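S.K.: Spelled out from the first residue to the last, the chains are:
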Amino acid sequence: MEIHPLLERRRFLNWFLGTSFGALAISVLYPIARFVSPPRIAEPGTAQVDAGTTDDPAFRDKAFKIVRFGADPVIIVRAADDDYRAFSATCTHLDCIVGYQKEHSRLWCNCHGGAYDLTGRNIAGPPPRPLTPFKVNLVAKNDGTSTIVVSKA
Amino acid sequence: MSAIKRPPVLQWLDDRLGLPAVREFLAHKTVPRHRYTVFYYLGGMTLFFFLVQVCTGVLLMLYYRPSAEEAFESIEFLVTTVPFGWLVRSIHAWSANLMVFFAALHLVSVYFLKSYRKPRELTWVSGVFLLFLILGFGFSGYLLPWNQLSFFATKVGTDIASVVPLAGEWTMRFMRGGDRVTGATLSRFYGWHVAILPAITTVLLTFHLLLVQVKGMSVPPGAEEEAGQRPPMKFFPHFALRDLSGWIFALGVLAALAAMMPWELGEKADAFAPAYENIRPEWYYVFMFQALKLVPGGEIMGIEYEAFPILLFSLGGLLLILVPFLDRGRSRGWSYAGMVALAFVVGMTCWGYGTLVPLYIVFLTALLLAVFAWITRSTEAR
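Residue numbers (this note's numbering), protein chains in the order written: chain A, 1 to 153; chain B, 154 to 535.
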């Protein structure tokens, strides 16, 4: 069967216009999609932070303190007199910030009731993974107290 | 009709705007009368609270500053120093909650009266999307005061997205404007709350309302005979005036709530403080929040357990959109499923709060609707 030349031309033009509109749409949508995706910013790596001294009243009152480690919160817990431990304070469940319950000796997240023991292991509630531990060094000062230095484990 | 000569100004407008057609339409528009007529007012009530949100929202924009450094302080200034600032903010917060409540009530009543049947499938679909938009308004507006509660709600809410396989990570960064909840998140949420969501809502709401006008009110199965026996109510002025008196009553309730129970501002967000005790999202998210609390930690095939309730709720949302296309028969199955879903939501909300108050509110609402139905029934004989 012979195809009418006009039909063939029309089909070509339709295809041509269709793909042109498609290309136009992509050339508009691609920059928008890239624009709304936030760029990844390189953060200065933090190796260790000075987290204050052992006579900080926070340890006396609540037995824990949260400090900045780069842009993230790190929790320092006083488990015993000279036993300080540090973990990432970000709950592994849904990103809340955990606290420490002295009376239960556990790290506790108020958002959904997640619990971790003093090694950072998830022991109850919804958290799927343990808290990332940090290394704690106590540097003795002249007045009998120590400076707490937290570093990546 | 045109026997009386119209004033030249009106005539001039008529010639250019085609108003007679609209007048003609309104003059003939009627609303069926039957024992469920009271449910026809719920959509209009939701619309009223939406209009209040637009007005109070525009006013709040005059003082609000969307940045992590200034947002909390600008609202502190608004509620302590600006004349009637506390009132405008309180009305915005209360009206937001009442809008969610009435949108949900509207959805539940339309669901059980099966008003989504042919030819109103698209009215239902657009309505469900409007409900999702309202929840989006609630979620994005919640962060704007930049207090502890809103900070953690946003951390959790956006982290939930990251649990979804494949697209989760991108979605979370897209919502947060980066890896963490920061001032960048606040800018984004502000943009969504005052520009993007209102634009989409305006289009969808217009579509929804046009469909309601064009297709008229649905008569629920079981009330068809009653509606056939009783003369319908004229939309204008009878139904419209009833709508309006409801709106005036609602305005009174809003003012009373805002004045007697002003919305709290709380403490400024602190990214280095633990979440405080008994932290909870807004009441309309509590049933999902409670479900998330119950799922233990762990993972199967690389998917964390917490992804399952989230995927199930997403599936529930999808089912809700598709109801008119799935419920094709005359069976009662969908009504029973709806009751189970409603019982689940109310039950989980009660559990989340550790009190039966949500259940009492459901009963009280049913009672109020019954009383209102009785009042309107006794006057409509005239």
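Think of the hints as simulated: they come from the structure by calculation, not from any bench.
Accuracy of the hints is not assured; some may be wrong.
Stated by the list, open to error - Going by beta-carbon spacing under 8 Å, a handful of chain B positions derived as facing chain A:
id	residue
1	Y216
2	Y217
3	V309
4	E322
5	E459
6	F461
What the hints assert, rightly or not - For the chain A half of the interface with chain B, some residues (derived, Cβ under 10 Å), not all of them:
id	residue
7	Y30
8	I32
9	V36
10	G45
11	T46
12	V49
13	D50
14	T53
15	F59
16	D61
17	I97
Treat the numbers as computed from the prediction; the structure is a model and nothing was measured.
No residue lacks a Cβ here, since even glycine has one placed at the ideal position from N, Cα and C.
S.K.: State the violated hints by number, sorted upward, taking the hints as numbered earlier in the document.
M.R.: 1, 2, 4, 6, 7, 8, 10, 11, 12, 13, 14, 15 and 16
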